[in-house]
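Q: Given the coordinates of chain C, assemble chain H onto it according to the supplied hints.
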Amino acid sequence: MITRINIGPVHPSTHGVLRLVVGLDGDTVKEVEPHIGFLHRGVEKLVETRMYMQSPPYMEKLDYIAPLSYDEAYVAAVEAALGVEVGERAAYVRLIQLELQRIASHLFFLGALCNDMGQMFTTFMWGFEDRDRVLALLEEATGQRMFYVNMRVGGVTMELPPDFSESCLSFLTYFEKRIGQYESYLEKNPVFMERMKGVGVLSADEARALGVAGPVLRASGIDYDVRAARPYYAYKKLNFSSVTALKGDNFARYKVRMLEMRESVRLIRAALLSMPEGSALGATTKLIGPAAKNRTVSVSRELPRGECMMYMVADPQRPYRLSIRDPSFINLAALPYLAREQRLADLFAIMGSLDLVMACVDR
Amino acid sequence: MLIDSIVSPIVSDWQSWLSSGSLLLYAAAILAYAIAMLIVISVFAYVFGWVERKVIARIQHRHGPTYVGKYGFLQNLADLVKLLSKEQITPENADRVLLAIGPILLLALTTFMILLIPLSPALQATDLGLGMLAIFIIIAFLPLLVFVSGFASGNKFADISAQRSVLMLISYELPMLVVLAAVALLSGSYSIGSIIAAQSGLAWFAVVMPIGFAVFFVAMLAEMERPPFDLREADSELIAGWLTDYSAPYYALALFIDYTRVFLIGLVIAILFLGGWSGPSFLPGPVWLIAKAFAVALVAIVIRATTVRMRLDRVLRLGWLWLLPLALINLILTYIIFVA
Chain C
0 MITRINIGPV HPSTHGVLRL VVGLDGDTVK EVEPHIGFLH RGVEKLVETR MYMQSPPYME
60 KLDYIAPLSY DEAYVAAVEA ALGVEVGERA AYVRLIQLEL QRIASHLFFL GALCNDMGQM
120 FTTFMWGFED RDRVLALLEE ATGQRMFYVN MRVGGVTMEL PPDFSESCLS FLTYFEKRIG
180 QYESYLEKNP VFMERMKGVG VLSADEARAL GVAGPVLRAS GIDYDVRAAR PYYAYKKLNF
240 SSVTALKGDN FARYKVRMLE MRESVRLIRA ALLSMPEGSA LGATTKLIGP AAKNRTVSVS
300 RELPRGECMM YMVADPQRPY RLSIRDPSFI NLAALPYLAR EQRLADLFAI MGSLDLVMAC
360 VDR
Chain H
0 MLIDSIVSPI VSDWQSWLSS GSLLLYAAAI LAYAIAMLIV ISVFAYVFGW VERKVIARIQ
60 HRHGPTYVGK YGFLQNLADL VKLLSKEQIT PENADRVLLA IGPILLLALT TFMILLIPLS
120 PALQATDLGL GMLAIFIIIA FLPLLVFVSG FASGNKFADI SAQRSVLMLI SYELPMLVVL
180 AAVALLSGSY SIGSIIAAQS GLAWFAVVMP IGFAVFFVAM LAEMERPPFD LREADSELIA
240 GWLTDYSAPY YALALFIDYT RVFLIGLVIA ILFLGGWSGP SFLPGPVWLI AKAFAVALVA
300 IVIRATTVRM RLDRVLRLGW LWLLPLALIN LILTYIIFVA
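In the order they appear, the protein sequences are chains C and H. The opening position of the first sequence corresponds to residue 0 in numbering that gives the first Met the number 0, with each subsequent residue numbered one higher. The opening position of the second sequence corresponds to residue 0 in numbering that gives the first Met the number 0, with each subsequent residue numbered one higher.
So here's chain C without its partners, still in its complex pose:
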């Protein structure tokens, strides 16, 4: 007999406002039906009524875990529409900030995952302690802690402060040690391992068919990372190599993110040491519309949650249409497949391993 239970939209582990209608047979999940839209704000439509550079604050509120990455993806689309090249130093500055944001986002993922599996906020608090250090660095670099609105067409709003490189490098040294500590703390815990290994397996074929994005895709063994496939900024120069795992289970998804943090640390360090001289500042005016050269652009960026594609039809003053292909939305679509025939408790572990942000699912 199937028992239907309604989980959410207000529930301790639905990462915001996700509603799941779950069909249960005993303790086994037979079907999951996600209902979304509780946080729909019509951002894509809103953008059509704003001039180009009035929109980044809205973009940042889509993904409140990694706002800067969304900001950058949108501004990159605007730059493509205008045909503006990003300055050489600005590319490095952006890369450093994006990778710092990725670390901050993955730390949030780690804490949320442990919470979903029933830990009492311990990893969450530890992760937030380190995330706070990252935010402090970003505050130094951008002037804000949460919503940075730091990208300008062709560059960023402010130069890195003179002592940034030093404080960032000392953070990286500290953080590399911390990643090792997280890994040994979690992976030596048999309860954690048995909740992670072999749970929610997504094979490479299924991953391809479902079109999942980012770490979820790479955990299934498909080596696709926009940073490597279609490199932007200095990723190619810094020899970025994407991280993949083979098994496609919860543990693989967790491990991919841990390794990505290590890769980010390496990238930031290399970028800091080889940063070219010059100016990183972008255009200051908001009225940059009339110069739009390309009518239709589509820009792809590797956000912490996966590939985000910004498809924009440009008008002189404002976007005529903006469509966002969001990684969380696409990964959420994989949840019903992953959770089928799993235990009820694992439904939440799987949801945690997908690292969903409902604000960008609902847009």
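Zero decoy hints are in this set.
Below, in silico cross-link-like pairs of lysine to aspartate or glutamate (EDC-like), each with a Cα-Cα straight-line distance of 16 Å or less: (1) K196(C) to D312(H); (2) K155(H) to D26(C); (3) K155(H) to D24(C).
Pairwise CB distance ranges, derived in the manner of DEER restraints: (4) D24(C) to A339(H): 43 to 53 Å; (5) E193(C) to A339(H): 35 to 45 Å; (6) R3(C) to L176(H): 31 to 41 Å.
These are calculated hints, taken from the structure and not from any lab test. Nothing here was measured: the structure is a model prediction, and the numbers come from that model. The beta carbon of each residue, even a glycine, is placed where N, CA and C say it ideally should be.
A: Chain H alone, transformed into the frame defined by chain C:
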């Protein structure tokens, strides 16, 4: 026969008082002792609640409560006042009577159990020959009451939680009782006094049978529903499990029961394995016993702060495939080494 042996000491006790013509005095003495124990329990629960918040906060690099009272000591009191001043909302399709009496019965049973546990040879309500066995019979009732309360609220999360409670019961009672049998084998009795006396004669049973101690501790964590076995109140899955539809005073009561149960389990482990009230004489026996119970509870706190929750099927597998065989091995080893 079992019932006889449990009831007869009480009855004989009662009869001796009756024959001496002071039934009223007997009743008054028992009542006074019960009230005194209730105060001890409350103080323990309160202090434990505060220590738990503080210890977990320190593990998580936080400060925990700081504002209400010195070091936030009065925070739980403030929370209690808040909970008591709120409204209890009963769902429409709930069984009102069962919903109301569930937590009250739970509290009554927990308190009754602690009445059966002497704090020192002199400080006890009644000395049952089968004291420990009686306690374990009552412990087995606790998950059943949780089942009743969860079932009564008519909430599906509470229902799932209630079912989990019973599943946990069947897989953890057995290893626990087998370890208890090994303890009785060594001490020659289920009486609490003689279990402690046997330990001061030999050594702490935690040292004598480490396997049994480990099995018992894990089973007790499950019995207490402490992480990693907090499947019943699994907040990230079942919101608050069987407590989902309890609010205000009943929720306060449920939290209180949670802490009393920790006290109870701490006492049981201290008596069975850590030498009970025996200890260096600069402190009185009851203080040693309560201190040992507190130490056990502290270990449970640290485990709670650092581990993730186990899955239901794994919990059952652990109970049947690991704890039960280990408990049996412990029983056999104990027999071979100490008896045969």
